[in-house]
Amino acid sequence: MSEHHLDARRILCPLPVIRTQNAVQDLQPGDILTVVCTDPGTVSDIPTWSRINGHKVLNINKDNDEITIVIEVNGVAS
Amino acid sequence: MPKTDAIYTPKAVSLISGGLDSMLATKAVIDQGVHVEGINFFTGFCVEGHTHAIRKKDQAKPKRNNALWVAEQLGIKLHIIDVIEPYKKVVMNPKHGYGANLNPCLDCKGFMVGKAYEWLQQNDFDFIITGEVMGQRPMSQRRDTFPIIERESGAKDLLLRPLCAKKLPATLPEREGWVDRDKLYDFHGRSRKPQMALAAQFGIEEYAQPAGGCCFLTDAAYSSKLSDLWQNRGSKEYELDDIMLLKVGRHLRPREHFKIIISREEGETKFMQGYRKEFTHLYPTSHGGPLALIDGDAKEDDLQLAAQLLARYSQGRDASEVTINIGFMNGETKSLQVKPLLKEEIPDAWYL
Chain A
1 MSEHHLDARR
11 ILCPLPVIRT
21 QNAVQDLQPG
31 DILTVVCTDP
41 GTVSDIPTWS
51 RINGHKVLNI
61 NKDNDEITIV
71 IEVNGVAS
Chain B
79 MPKTDAIYTP
89 KAVSLISGGL
99 DSMLATKAVI
109 DQGVHVEGIN
119 FFTGFCVEGH
129 THAIRKKDQA
139 KPKRNNALWV
149 AEQLGIKLHI
159 IDVIEPYKKV
169 VMNPKHGYGA
179 NLNPCLDCKG
189 FMVGKAYEWL
199 QQNDFDFIIT
209 GEVMGQRPMS
219 QRRDTFPIIE
229 RESGAKDLLL
239 RPLCAKKLPA
249 TLPEREGWVD
259 RDKLYDFHGR
269 SRKPQMALAA
279 QFGIEEYAQP
289 AGGCCFLTDA
299 AYSSKLSDLW
309 QNRGSKEYEL
319 DDIMLLKVGR
329 HLRPREHFKI
339 IISREEGETK
349 FMQGYRKEFT
359 HLYPTSHGGP
369 LALIDGDAKE
379 DDLQLAAQLL
389 ARYSQGRDAS
399 EVTINIGFMN
409 GETKSLQVKP
419 LLKEEIPDAW
429 YL
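In order, the protein sequences belong to chains A and B. 35 is the number that my numbering gives to position 35 of the first sequence; each next residue is one higher, with no gaps. Each number in my numbering corresponds to the 1-based position in the second sequence with 78 added.
Any given hint could be a false lead.
What the hints assert, rightly or not - Below are the DSS-like pairs computed for lysine-lysine, each with C-alpha atoms no more than 25 Å apart in a straight line:
1. K155/B x K56/A
2. K325/B x K166/B
3. K167/B x K193/B
4. K173/B x K314/B
5. K62/A x K348/B
6. K155/B x K325/B
Derived by calculation from the structure, the hints in this document are not laboratory data.
Same shape as in the complex, but just chain B (with noise of 0.2 Å):
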């Protein structure tokens, strides 16, 4: 059927964070007759669900993926794309630049909506949903920003911002009368009140926090851990394994050549264990306490001081002496009596 046919259904692709703006978007396309699938990419530093997943003291909270709960609520097929590998050059070398930690919003919003754009040539849909509101973001969601997103996804303009449509030039599903522009909106600016209000209108009650702390890479204590592993591995180059430990545990750097990552709870031990092939780790024997995991290449000297450290944080704080076992990558261990470290003896410099 021609997409001009008076009963043509047409289909859009709407990106899905799992949080509100996203979610009115949608909804304001459905309800115009819309066929609407959402999609939801994993860019390795999504907040959503790792952390709680891990800590044993944040089990008590809903695990649900929002975004996935959203298309629930909105009756939508959500699908949920990884985007590990071709995302790294996004944060890895921004074209414009980062924002106020290592977060490259306009590199991040430019690539999502020029994925979402492959998938709907891929999968013959019609024009592209965001939850963009001009004005919300200082770097991503501007007046001046928005034709680089456009431009640089190659989206052009499939791409339908419903929350901000009518402070806009319209775009083909306007034009295509698809969607009629009267029934979009005109929000702008940091206040969320709008879109609380639409939320009453469309009987939405319940939403997940507003979008912006959904991504690591927005965290200024997350950011300077992704930092110092960069710096100290002379490349921007990562696995993700690597920024998944940077969401767990303390990290410490005693030495430039290597660094300490101690479990804070059961949680994040029990998280950490399965990466002791992959590292030489330390455990405390006498007493109680956490898993270490040493990033680098540490020699015996430097092991010592990683034991004693560890000791530090372990229920033999305060003994004259605690065993530690180290295991080696290759699978042979070793046992150290130490003297935990005091806690004036670890430098605030260590702490990442």
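Just chain A, same shape as in the assembly (with noise of 0.2 Å):
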């Protein structure tokens, strides 16, 4: 297992989806991908697409205009 950080900071959705979707590619099952994020809309999106792609979201939280999203690769989908 590994950690692995991704700066989706001022892009706006889908593209943060997008890069996290491209992150994940590249990982194992198990590893764990941190991503900081601007746009509010990734607090639906990033945890839709790691749903429908049987990734788990391990926590979101949001600092003022900042949110991190810890996605579990391959995790069992909460």
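Hints are included, so try docking the two chains, each in its own frame, into the full complex.
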């Protein structure tokens, strides 16, 4: 298991989803990806994308204008 | 397993826009036991999400991506593909021309089906699904334009249009028995009633507004700003930031060699603040007010005019003097005291 970070700030949906999708393609099951975003739409879109693709969202944190979403690759979708 | 084997599960990739038609077309094929995955293309001109995310007044609206939402409702995967770069040639030089605005709908459909066909080949899928309905759209969804899409995309008879399949020659998935033609549909024309009825039959109660309003290129005001951009640059080349900025703010061109973009509300101001390093920018300091970006080569007297224009849109519009700060791309700043322009001093022709 390894941890990875993705800066998806200042880009608007669906680009944060696309960047997340592309980043996950290079990861292994069990890897953790932390995505930092500023588009409020990511709170809905990245978890939806994760659910339909079988990844698990471990945590979503909103701090002022930044949204941090932690995903476990191919984790059991919640 | 041979694809002709009786127990082979065929695989289809479906173009999911987030609207009702592609949802129904996909559902019709899923229900026949086909393994379907969705594909959605991001061109940069998609209305989806962006303006809602930018404008504060729209932030109460659901901020979901409808294509993702549809995929989840259908229980399928969705692949969102960034086609910003290859799509440029479709917008800049459409072989079949533009529609009422700068919408190259026929070229666009051929391009997207072509991209889906590439994906199909890379992923060993068997056919493509679209939600097209014959006669629904004046440019791209006509009996005489369907074969153009099939030919120019390269998909040929791998392209299945479940909602109007019975009006068309049988495609390979129908001939192979991967889908039962009798269970497909014969919708045609602009009426939405058959789709509404089918949605009810499928138990689909919630869906986004029908497609067509999903692309900024179909919007007259947006097309006018894009046309101005091209004309003043002397080229149709563009970057993603260019087309994003056309979605926000008031755009005025007081002189041929520069344009001013003035935010209309807090959300736009915040969004435009991200561009301060790439543009000379102005904002009032003596009064509350918007942010302005200057696109072009503004000289000193142009900046004076831009400051007066911005002051007009500030809370100091009725004041005798407003202080405007100017930030340059090299990091230098400068302050101007200006008299706000009167409404009648701003010709309509300046508004793009």
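Here is what the structure says about each hint:
| no. | hint | verdict |
| --- | --- | --- |
| 1 | K155/B x K56/A | 15 Å, holds |
| 2 | K325/B x K166/B | 17 Å, holds |
| 3 | K167/B x K193/B | 14 Å, holds |
| 4 | K173/B x K314/B | 15 Å, holds |
| 5 | K62/A x K348/B | 17 Å, holds |
| 6 | K155/B x K325/B | 30 Å, violated |
Hint compliance for this structure: hint 6 alone is broken.
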